[in-house]
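A.B. asks: Spelled out from the first residue to the last, the chains are:
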Amino acid sequence: MAEPPARAARIRRFSRTERAAHWLLAAAFFAMLFTGLCLSVSSFEGVLDRPTAKAWHLGSAIALAAGLAAIALVGDRRALARSARELDRYDRDDGAWLRGAPRRVLATGRAAPPQGRFNAGQKLNAALIGGLMLTMYVTGALLWYGERDTTYRFAGSVLVHDWATLALMALVAGHLYLAVLHPATRHALRGMTLGDVDAGWARAHHEKWADAAARDEAERVRSGA
Amino acid sequence: MERPTPTPTPRESLPIGRAALLGTLAAGVGGIAVAPAVSRLLSHSVPSAGGLGTLLPGLGGGWRIYSVQYPLPRFDPRTYELRVTGLVERPARLRWEAVAALPGEHQVSDFHCVTGWTVTNVRWEGIRAKTLLDLVRPQPAARFVSFQSLEAPYVDQISLDQFRESDAMLARHMDGKPLTRSHGAPLRLVLPSMYGYKGVKWVREVRFDATEAPGYWEQRGYDTDAWIGRSNGYG
Numbered sequence: 547m548a549e550p551p552a553r554a555a556r557i558r559r560f561s562r563t564e565r566a567a568h569w570l571l572a573a574a575f576f577a578m579l580f581t582g583l584c585l586s587v588s589s590f591e592g593v594l595d596r597p598t599a600k601a602w603h604l605g606s607a608i609a610l611a612a613g614l615a616a617i618a619l620v621g622d623r624r625a626l627a628r629s630a631r632e633l634d635r636y637d638r639d640d641g642a643w644l645r646g647a648p649r650r651v652l653a654t655g656r657a658a659p660p661q662g663r664f665n666a667g668q669k670l671n672a673a674l675i676g677g678l679m680l681t682m683y684v685t686g687a688l689l690w691y692g693e694r695d696t697t698y699r700f701a702g703s704v705l706v707h708d709w710a711t712l713a714l715m716a717l718v719a720g721h722l723y724l725a726v727l728h729p730a731t732r733h734a735l736r737g738m739t740l741g742d743v744d745a746g747w748a749r750a751h752h753e754k755w756a757d758a759a760a761r762d763e764a765e766r767v768r769s770g771a
Numbered sequence: 002m003e004r005p006t007p008t009p010t011p012r013e014s015l016p017i018g019r020a021a022l023l024g025t026l027a028a029g030v031g032g033i034a035v036a037p038a039v040s041r042l043l044s045h046s047v048p049s050a051g052g053l054g055t056l057l058p059g060l061g062g063g064w065r066i067y068s069v070q071y072p073l074p075r076f077d078p079r080t081y082e083l084r085v086t087g088l089v090e091r092p093a094r095l096r097w098e099a100v101a102a103l104p105g106e107h108q109v110s111d112f113h114c115v116t117g118w119t120v121t122n123v124r125w126e127g128i129r130a131k132t133l134l135d136l137v138r139p140q141p142a143a144r145f146v147s148f149q150s151l152e153a154p155y156v157d158q159i160s161l162d163q164f165r166e167s168d169a170m171l172a173r174h175m176d177g178k179p180l181t182r183s184h185g186a187p188l189r190l191v192l193p194s195m196y197g198y199k200g201v202k203w204v205r206e207v208r209f210d211a212t213e214a215p216g217y218w219e220q221r222g223y224d225t226d227a228w229i230g231r232s233n234g235y236g
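Sequence lines, in order, name chains A and B. Throughout the first sequence, residue numbering follows the numbering used here, covering 547 to 771 in sequence. Throughout the second sequence, residue numbering follows the numbering used here, covering 2 to 236 in sequence.
Errors might be hidden in some of the hints.
Some but not every residue of chain A turned toward chain B, in silico, with C-beta under 10 Å [stated by the list, open to error]:
| # | residue |
| --- | --- |
| 1 | GLY641 |
| 2 | ARG645 |
| 3 | ALA759 |
Ranges between beta-carbon positions, derived for each pair [what the hints assert, rightly or not]:
| # | chain 1 | residue 1 | chain 2 | residue 2 | range |
| --- | --- | --- | --- | --- | --- |
| 4 | B | LEU23 | A | GLY641 | 47 to 53 Å |
| 5 | A | ALA572 | B | LYS131 | 32 to 38 Å |
| 6 | B | PRO179 | A | THR739 | 25 to 31 Å |
| 7 | A | ARG562 | B | GLY31 | 50 to 56 Å |
| 8 | A | HIS728 | B | ALA101 | 56 to 62 Å |
| 9 | B | LYS131 | A | HIS721 | 21 to 27 Å |
| 10 | A | THR739 | B | ARG19 | 43 to 49 Å |
| 11 | A | GLY720 | B | PRO179 | 25 to 31 Å |
| 12 | B | GLY24 | A | GLY646 | 33 to 39 Å |
| 13 | A | HIS721 | B | ARG124 | 41 to 47 Å |
Please keep in mind that the hints were generated in silico from the structure rather than gathered at the bench. Glycine included, every Cβ here is placed at the ideal spot set by N, Cα and C.
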């Protein structure tokens, strides 16, 4: 009797391009958070002198934008486009996943609706972080330009910049908890560092994607690739 | 192998991700217009905004309270004394009743902080330079005025001409009420053409000097003339 084709123990979740973009964003975020705190929170006053903190704050913002553009230019644009599309589209299961999320937090062990490569929470997190990031760029540019032409110095710019910072801090704190500490989800960190995740974990947490990946793998084996 | 398998897109799916992203951006950009009003509303509805406002930006009606020493100085009208010293013909020590009795004027001006925040249309009431100068009569050699805070070691200095500017004052009231503790009770310098670090709070001494002496933040690299939009590397 022929052995069934061995199922891959691990499946690829993120290409090198996606991981590069993620870690660039993470590094720039923390650089901007630290220098921003030095610039605006009095208990951080004196940790970095103002001109240095400001130069690094602006430099990180520019490096992030330029770096993401460079990654898109030289990297695997098709992989990026696929991820963007997956993050954009929500199906019935995603709606059910979001509606059931509060209940699942209160009573662990409840089964979640089957999810794709990204669950609905990850999709929402990505959209909020993207929107907040662009808000930071708009208000940050106004703050920068308002120093040169006080006509554009609006009282609201810095308030929105601060509130968006608080929102981003909350989202990133939740993201870090799920990626590093929470037992059920922290395996996902491997996907963002090494690029692949355990196939069994993927089936449990991202069923629709794991199924598609298994079909892909079977196809590859069949065609001898 | 390098490119991961995507999730197949089901026929019935909606582009909610981009809607959420653009909606967040729209709320953020639109928020620039309404944020000051929201912040004022929050500062009225949260009673402890004075203390909480220092932790959560935007709860203090746009104000952020910076201090170099905790706790903030506490004004006691029974012990408070304003000293006017240095190169003057008649040095003065004024008890609070005497300071409160000095003639005052009202003005509405914007307040700009070097860290980027702004509060527009602040209503101030306070003592003009001329009132103080008539009282103590500076000597001809006096060219600078230093303001020493109850919050040691905070001090700052401006030129006598800057003190004489028509919108400069030693404020006693803000927005129709006596200065609160976090806004520098009982007396603070208001100098609308410059960033707020020049506006010494909790003023306890006004000294007339012949020479320049760097203030607290000037010793830490900030510009002596803190013109809004024209100093501190533009901000």
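A.B. asks: Next step is simple, just say for each hint if it's right about the structure.
C.D. replies: Quick rundown of the hints versus the structure:
Contact between GLY641/A and chain B, as hinted, is supported at the beta carbon level, the nearest pair being about 9 Å apart and thus within 10 Å. Evaluation of the ARG645/A hint against chain B yields a violated restraint, the C-beta minimum of about 13 Å exceeding 10 Å. Interface restraint check: ALA759/A against chain B, minimum CB-CB distance 4 Å, threshold 10 Å, status holds. The hinted range of 47 to 53 Å is not satisfied by LEU23/B and GLY641/A, whose Cβ atoms lie roughly 19 Å apart.
At about 58 Å, the beta-carbon gap between ALA572/A and LYS131/B misses the expected band of 32 to 38 Å. Between PRO179/B and THR739/A the CB atoms are about 59 Å apart, so this pair departs from the stated range of 25 to 31 Å. Between ARG562/A and GLY31/B the beta carbons are some 38 Å apart, a value that contradicts the proposed interval 50 to 56 Å. Taken as a hint, the range 56 to 62 Å holds for the pair HIS728/A and ALA101/B, whose Cβ atoms sit roughly 60 Å apart.
Distance hint for LYS131/B and HIS721/A: a CB-CB separation of about 59 Å, inconsistent with the stated range 21 to 27 Å. In this structure, THR739/A and ARG19/B break the distance hint of 43 to 49 Å, their C-beta atoms being roughly 28 Å apart. A beta carbon spacing of about 44 Å between GLY720/A and PRO179/B contradicts the range 25 to 31 Å that was offered as a hint. Taken as a hint, the range 33 to 39 Å is violated for the pair GLY24/B and GLY646/A, whose Cβ atoms sit roughly 23 Å apart.
Taking 41 to 47 Å as the suggested C-beta distance range, the pair HIS721/A and ARG124/B conforms, at roughly 44 Å.
Comparing the model with each numbered hint stated earlier shows that hints 2, 4, 5, 6, 7, 9, 10, 11 and 12 do not hold.
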